[in-house]
Structures are given as structure tokens and as C-alpha cells.
Amino acid sequence: MKKVFTRPKSLKPAPFHYCPGCGHSIIHRLVAELIDEMDIRGKIICIPPAGCAVLAYNYFDIDTCESAHGRGCAIATGFKRALPDRIVFTYQGDGDMAAIGTAETIHAANRGEIITSIFVNNAVYGMTGGQMAPTTMLGQKTTTSPYGRRSKVEGYPLKITDLIAQLPGAAYVARTSVATPAKVMATKKALKRAFEIQISGLGYTLVEVLSPCPTNWKVSPKEAFKFLEEIMEKEYPLGVFKDIG
Amino acid sequence: MDKIEKILMKGTDAIGEAAIQAGCKCYFGYPITPQNEIPEYMSRRMEEVGGVFLQGESEIASINMVLGAAASGARAMTSSSSPGISLKQEGLSFLASLELPAVIVNINRGGPGLGNIAPSQGDYYQATRGGGHGDYRMPVYAPASVQELYDITMKCFDIADLYRSPVMILGDGMMGQIVEPVILHGREDIELPPKDYILDGAAGRPSRIVKSLILDVRLMEEHNWKLKRKYDLMKRDLPLHEEFMTEDAKMIVVAYGTAARIAKGAVKRVRANGFQVGLIRPITLWPFPDEAILNLTKKAKLVLVFEMSTGQMIDDVRLATRGKIDCEFYGRPGGVVAAPQEISRIIERHWLQWELS
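Top to bottom, those sequences are chains A and B.
For the first sequence, position 85 (counting from the first letter as 1) is numbered 504 according to our numbering, and the numbering increases by one without interruption.
For the second sequence, position 191 (counting from the first letter as 1) is numbered 1229 according to our numbering, and the numbering increases by one without interruption.
Be careful, since some hints might not be right.
To be verified - Calculated lysine-lysine pairs in the BS3-like style (CA-CA distance at most 27 Å, straight line):
id	chain 1	residue 1	chain 2	residue 2
1	B	K1249	A	K428
2	B	K1336	B	K1288
3	A	K428	B	K1233
4	B	K1288	B	K1233
5	B	K1337	B	K1266
6	A	K602	A	K578
7	B	K1063	B	K1306
8	B	K1249	A	K431
9	A	K641	A	K653
10	A	K608	A	K560
11	A	K637	A	K608
12	B	K1063	A	K462
13	A	K428	A	K462
14	A	K462	B	K1249
15	B	K1268	B	K1063
16	A	K571	A	K602
17	B	K1233	B	K1249
18	A	K611	A	K653
19	A	K431	B	K1233
20	B	K1288	B	K1268
21	B	K1337	A	K462
Quick caveat, the hints were computed from the structure, so don't treat them as lab data.
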């Protein structure tokens, strides 16, 4: 019988530790599939974040270098400058990318660093237990914004992807979602485009993926996907903001 | 480099050139006085030798760029001065745990806080106690001449590779700015362990992980003991010091770096007045030359520690001498550089007070 669905070679045979309904496992799988399909396993290096995906090295069967919280783009810069012919990507959450690592992220993008950032936005700090993130939406309750995020107290959701799209060093910037199978496929397409543009050496590439966190949103996985599509995608519109390829 | 040449060189340039000759492929740094001549030198030279120079957006970014380059297998370095070194501590802790080689230069300035840009030794504790979080150490070298800056910088890259550890060069504004003749030489070829940990894409081999997250406490404890065993080897093999007129000395002055240069002048002066005083200069601040200091002070009656701080290395001198000899202290913190006359007066005062004649 013909096999029509298998585990990508770039994924280790390990069950994901992520919560039921979490988007990370879907995104991990997309990345692994792409590494197989593009035949780049022997030249790709992953920099996972401090955050829920800190254990990404337990799943990706590729060279992986841990980063301190927020420092992914600086470490990726070190790798890429030392090994310009390798493909280097960071895998970061919203706190990592857009709070503690804002400087590293913006400046890597502005230098046109030939790396890719996969930015998983679930609007909360997941691993530490659901605290407010820079991307938490107005009114959204978290463990450190128990009255709902108020613009006058906690400021506004930070749209770092939109900011980065303005920078001349950024070559490809897109925001996608994993809310539906079609959007998952669109995410894969965007990730592929980002890797391709990195290989062409055109500049910094970024794919923000909106992803559900039912555990910390305190809803069922089904409701989380609904919230993702109906609320989060309104705050963070999907699309390709830049493609100079 | 085969030809031996002696040229006049500034301390910061000697550090830069030694790094290049040692095969440093990547330099990442951020401007801060008084060490800006290092990134400036590297920005010019790296282009010439086909290496990487990049000015990071911060000290934090720079040390993490070093981390990435080191994990890729390249010889990498960064330099900064006190407030900037504070920012690099997170990265130093990671480098220590990840067991990645890197060379970090601290041109120590006056502090705490923003302090000033004058030569100081106020960062001794930070340098020799790890500095960042967690249970780690790192070798710290304190050169006291431009030639030594050159030689030690070159050596540090090998030490870093041999032990898979960050290594610090602790200088100060004086060491950085001083201009002296230097004999430039190439790197001695020594046998280094294979870099079987590097990440360069898992082509034709199993994938590798460079990580310091060890959630299982028993495994973390094992990692801590593994590092400890490495630090024990460093303690056995790395201590370096210089002795000056110590043979018959009744009083031993202990000083490092710029303070040792000043103290040496003072020792020469008091010798001329008939006082039997010698100098011991720790070259490695960690591991500290405990044994040499203990042996030397067996015959002496008094130790005088001179530092350009309110007294930090004196703790290590006391530990080394195990309470077997009295230790006096003289310090000039805040960026003040004492003249040899000032130190020779202090030496003579202690000599008379302790009735050493």
C-alpha cells in the first residue's frame, strides 16, 4: 500500500509536549516538512527561543542552538556572519520577539541580516503561565492584566511585524494563521517563500504566525480556534506586507 | 607571520592585532570609552583579512553574536568597558554553561554606575567570581604591558578552545592607551581538541544541540560537577604570576595590571633606600596564583596589597596566605592613578610601623 502521510525526516520520533490545541506542533510540522521538501536539512540551523518552544530541539532533527530570552536574532546573526552559506532561522514567541528581544529583532531586520524569523504570536506568555504579552489585545485578560489590557495602563498591542515591514533591510514580511486547514497551507507557503528569499540572499525574512493558546486563554481548543479567527485575526490582519523577491 | 618585527603599538591595537594573528574570525562589539580603539582597529583589519566585524546594537546583542559565531566553530571575541561588561554577563553565563570558547576584553573604567572613563580595577570581583548568574568560573588574565597584552590575547584564544570556556582579559584605561614597543609574532601551533560540538548544518551526521536548559536536577547537578572538574584543571594548570625582587624580601607587595606597574616603580625606589621589598604580580586573577603567593610569603613578614579599588583582590590574597601573614591594604579607587612616589611612601610607612628593619 502506498504511504500518503508520514512523519517528516526532520522531525524526531518524539511526541510533542505542547498542550492540546496549541499551534506550535502544527508550525513545527510545517517547518520540518519544508526542510525535507527543500532538501536543506544538512545546511539549516535553528535558534529556538526561551518560551514554550524552548524544547524545539527535542522535535527538530536539525542543528539547534538555544538562546537566552529575546537574543535569537543576535545569535542567528553570529551564525550567519560566520557561515554565510548556511540557512539560519529563529523560532520565537511574542515576548521573545517583541518585548525583551525588540532591539535584537529590529536591528537584525534593519541590517538586512540574511536570516528568517518564525514569530509565533499567541498574545500571551505561554510557558510562564499566561502573563500579558506585548501582543495581548485590548480588553484581553491575562494573569498580569486581570482587568483586561487597558491602553492607558498597559499600552497597546505591538504590531512588530508591521513595523519591520517598513525597514529597507526586510525582504519578505508576512502574517499568517493556523486557524483553518487552508490557512495552515498558506502558512507553509509563506514559510517556504521566506526560506527561498533567504537562500537568494535578499535580506531579512519574517513570518508571523497567529496561533492559539487554549490553556492560557482558558478556553477549549475549539473555542480557541474560533477566537483566533474571529478576534485575533481582526487585530492582526493576515497578508504579505512585503516581498521584494 | 614569519618575520619578527618590533613596532611601537598602542595597547588596544595590540589586543586587536593579536586576535587577528590568533585566527579570530569574528569580532562583535559596541562603542564604549575607553576601549573604542579595539572595535575601530578590528573594523579596519577584519576587512583586510576576510574576517567578520560587526557593530552590534548593544553589548547584549554583541555577546550573543559572539555566542552564535562560537557555536558555529569560529574564533570569536568582543570587547567593552565596565558598564558594557555588566550587560554581557547574561551571555557570559550562557557561554560558560554551553561550554563555548570566546575571548572577552574588559577595559575596566571607574565605577560603580556610569562612573568615569579613567583606569580602575573595580571590576575584579565581577571578573573573578563569574559575574553572571549560576555556578561558573572563567579564566581571567590581567596583562601589565603592551607586549603582554599581545601575547596574552593570543594565548587566550587557545585557552578558550582548550577548555571550551569564555576567557576574559581584564585591562584598564591605562593598559588600553599606553604605547610601547611590541614584538609581533604568529601563533604557536599547539594541539587543540577537535570541535565536535559545532553547529554547521547536520550534513552527513546526526543533528546536534547546543543548550543549557537542563530541567532534570540530577542532570543539572552532573553538569555543574562536570564544569567544576574543568575548573579544577584550570586551577591546576593555568595560574601565572611574575615575581620582582622577592628573594630576600621582608615585605611583599601584591598588585596586578597597571597597579603592578606603579608598584614596581615604588619597589625600585624603596630598594634604593635599603628596604627589602619585593613584588608579586598575579597575571591570572582566576585561577589565582595561590601557591606562589603562599610560598613567597613564608619568608616575609608583611604583605601589602595595592589595588585601584577599595580592596577586592585582597580577599584572594588573604585566602591564599591562610592567615599566616598580616596583610595591609592601600587602594586608590575611582579612576585615580597613583604615582610610584605615593606607593613608595606607603611602603616605607608600613615598613616602619611594622618595624621590619
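- Query: Which earlier hints turn out false for this structure, listed by number in ascending order?
  - Reply: Hint check: 4, 5, 7, 10, 11, 16, 20, 21 fail, others pass.
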